[in-house]
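Visitor: Residue strings, one per chain:
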Amino acid sequence: GENVEQHPSTLSVQEGDSAVIKCTYSDSASNYFPWYKQELGKRPQLIIDIRSNVGEKKDQRIAVTLNKTAKHFSLHITETQPEDSAVYFCAAQANQAGTALIFGKGTTLSVSS
Amino acid sequence: GAGVSQSPRYKVAKRGQDVALRCDPISGHVSLFWYQQALGQGPEFLTYFQNEAQLDKSGLPSDRFFAERPEGSVSTLKIQRTQQEDSAVYLCASSPGTRVQNEQFFGPGTRLTVL
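Chains as they are written, first to last, in this note's numbering: chain V, 1 to 113; chain E, 1 to 115.
Treat the hints as calculated values from the structure; they're not laboratory data. No experiment lies behind these values; they were computed from the predicted model shown.
Taking lysine-lysine pairs in the DSSO-like style, the calculated list, with each CA pair at most 30 Å apart, reads:
#1 V:Lys105 x E:Lys14
#2 E:Lys14 x V:Lys42
#3 V:Lys71 x V:Lys37
#4 V:Lys68 x E:Lys57
#5 V:Lys42 x V:Lys57
#6 E:Lys57 x V:Lys42
#7 V:Lys71 x V:Lys57
#8 E:Lys57 x E:Lys78
#9 V:Lys58 x V:Lys105
#10 V:Lys105 x V:Lys57
#11 V:Lys42 x E:Lys78
#12 V:Lys105 x E:Lys78
#13 V:Lys58 x V:Lys71
#14 V:Lys105 x E:Lys11
#15 V:Lys37 x E:Lys78
Examples of chain E residues toward chain V, derived with CB under 10 Å:
#16 Val4
#17 Gln6
#18 Phe33
#19 Pro43
#20 Tyr48
#21 Ala93
#22 Glu103
#23 Gly107
#24 Arg111
Idealized CB from N, CA, C, for every residue including glycine.
Generate the whole structure from the sequences, applying the supplied hints.
Guide: Here it is as structure tokens:
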């Protein structure tokens, strides 16, 4: 089955710096890769996703890149702000109806002002 | 509109007790997922419903875990004879269709503590 590895587990940056979180996956059948943000005690919320027919996707300060050959994808946050502080989870999903998301273990991002 | 809701938000059980956790998905959402999130970990898949049909229960950790969605809307996750290792946040998520790559909308979770 699918296995998703996420690095780093913690990341501390200064406000205004960029942050990069990387994930690798094992199942070549996976073709959907969402990123979720989870604030302390809150529900996970989708912030961006990418499908296998696309190599990069951007949404304001957030971007995701995908390398299907190497089976890795990354989240890039530019111009970080204190409100970006949260736990970020990558996930992968195979191309089969009803298949569950397989999550990484999460990255705790701390942005200090 | 209203998002996914779960109740109770917090549950404390003594070891050996049975518990029932409820999920109200977004109205009209066909797919419903249950996940277990241990402290400091990512959500782990438990089971999947398409309408009232439970199509995948491969993630349920033991036969003490049982889930149902009898009318294709509200779902209940039941844990019998709770053990300390069952302590976790139980998340429910729903999505509008059966097609893969539909966004999954998560509920706030139920934090279960087994003493």
